[in-house]
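There are 2 protein chains.
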Amino acid sequence: MHFTAETSSNGVIERDFTVGDVPGVLWSPAPGADRAPLVLMAHSGGQHKRAPGIVGRAQRFITGCGFHVAAIDAPGHGDRPRTPVDEQHIAVLRQAQAAGKPLGPVAAGIHLELAARAVPEWRATLDALQELPEIGAEGPVGFWGIMQGTGIGVPLVAAEPRIGAAVFGCLGQESLAEAAARITVPVEFVLQWDDEHIDRRSGLALFDAFASKEKTLHANAGGHRELPRFEADSATRFFARHLIA
Amino acid sequence: MHFTAETSSNGVIERDFTVGDVPGVLWSPAPGADRAPLVLMAHSGGQHKRAPGIVGRAQRFITGCGFHVAAIDAPGHGDRPRTPVDEQHIAVLRQAQAAGKPLGPVAAGIHLELAARAVPEWRATLDALQELPEIGAEGPVGFWGIMQGTGIGVPLVAAEPRIGAAVFGCLGQESLAEAAARITVPVEFVLQWDDEHIDRRSGLALFDAFASKEKTLHANAGGHRELPRFEADSATRFFARHLIA
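Line by line, the protein sequences are chains S and E. With this note's numbering, you'll find the first sequence wraps up at 245, consecutive numbering, no jumps. With this note's numbering, you'll find the second sequence wraps up at 245, consecutive numbering, no jumps.
Don't take each hint at face value.
Calculated Cβ distances over 12 angstroms to all of chain E for the following chain S residues [stated by the list, open to error]:
1) Q47
2) G78
3) R94
4) V106
5) P133
6) E138
Not everything, but these chain S residues come out facing chain E in the computed CB check (under 7 angstroms) [to be verified]:
7) K215
8) T216
9) L217
10) H218
11) A219
12) N220
13) A221
Calculated from the structure, these hints are not laboratory results. Remember, predicted model here, so these are calculated numbers, not experimental data. For every residue, glycine included, the Cβ atom is placed at its ideal position computed from N, Cα and C.
Looking at chain S on its own, in the form it has when it is part of the complex (with noise of 0.2 angstroms):
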């Protein structure tokens, strides 16, 4: 793990990294606390490491929980460099949104084959990110990520058991059932009851298929992206009952 940058304001201290070649950027509270849970945050399709959805809810839960959050570009995303399978990807989904079609079939296949680059490469990042003192091998991890998000995060917290709570959402696929079912921690998932892009019963049923003895589901009223802001401290709190002893 090489840093490449840091900044520090309002009491977080960001800093720039690469694993590998993939580039990430770790928020954390300002130094001489304790050791703190580390809550891994994906991004959605399109997006970034950067992005507003995830640099406010890093926000939260550092200052309200004084957790350290982590993000890294998926591939093809952000800083990446597109592979022409990444290209295909755009093509596939331009054309589907150019056809006014719902992009949550669409989107499952790509999902699977980012998952298969993705999941390798955050754990080798949470292996890099456990080795820093302020946080540590054996500290609680908990990961976030909405549609993409849950498209690689799904399969990420089924493989690795570090992972001990999880929020996902805004999505629906059949073809994440099989690594859902092995999914055992606590899961909040939120849905959009009006999603344009996700079929209800299909999201429904990806809720219905995770193992976990505690799962809470929140549907809101509205489109795919509507999801209100108050889901941002629901998530908050999901992970101040879960990360901290």
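Position chain E against the provided structure of chain S, taking the given hints into account.
Chain E only, in chain S's frame:
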């Protein structure tokens, strides 16, 4: 409205009252506070106005938000005499219980009959409460009630324009869909994902039926009696968002 008893503890004043022959209890923050919003709470079947689930949440609404909270006994419940119809309800429920049947479908008809009596009682109670100077006729009013409280509450909130926000749940009867479709105020709806008495599809259909632009479903893993405690905090925040200007 006649007050019949008053006690006070932990900064909460508790006053027993009657409106006509309906007994109720009004919990209020310590005197001298400004006018405050009012939350009406309807208990579940077989319970009464001082059931633990009512008293515990009332305490949170008062200490967390400074609200007034009022609960009344439903017809045939608590301190009220039972009519032959009430006795028949109990017999029907006991029979279904003995046969190991889910109680949701059986309760639907009972709730309809109860609501026909209880809705006018609630409206008269609200009239009386709003004459108190510490509540007033213009202040915000919320409604909380799950199970039988939803069976009575959905027709009440549909009929009562003074109620501006409602928490319902743990019920899902097609018999309520028409009233739910007339409700447009913000709704938080809790559902137990593995409820042995309430069919999941029927619960989701009731949530779907509300015409409210802002509505949130909280579905939690677990059976009928396993509603997580954090939903009481969520209801408190819901009322804080909608009843405090």
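Verification of the supplied hints:
1. Q47: holds, 25 angstroms
2. G78: holds, 32 angstroms
3. R94: holds, 32 angstroms
4. V106: The claim stands: S/V106 keeps its Cβ more than 12 angstroms from every Cβ of chain E (closest is about 26 angstroms).
5. P133: At about 33 angstroms from chain E, S/P133 clears the 12 angstroms cut-off, so the statement holds.
6. E138: S/E138 clear of chain E: closest Cβ-Cβ about 26 angstroms, beyond 12 angstroms.
7. K215: Where the cut-off is 7 angstroms and the nearest Cβ of chain E is about 5 angstroms from S/K215, the hint holds.
8. T216: The hint holds - S/T216 has a Cβ within 7 angstroms of chain E, the shortest such distance being about 5 angstroms.
9. L217: holds, 4 angstroms
10. H218: holds, 6 angstroms
11. A219: holds, 4 angstroms
12. N220: Since the shortest Cβ distance to chain E is 5 angstroms, the answer is holds.
13. A221: holds, 5 angstroms
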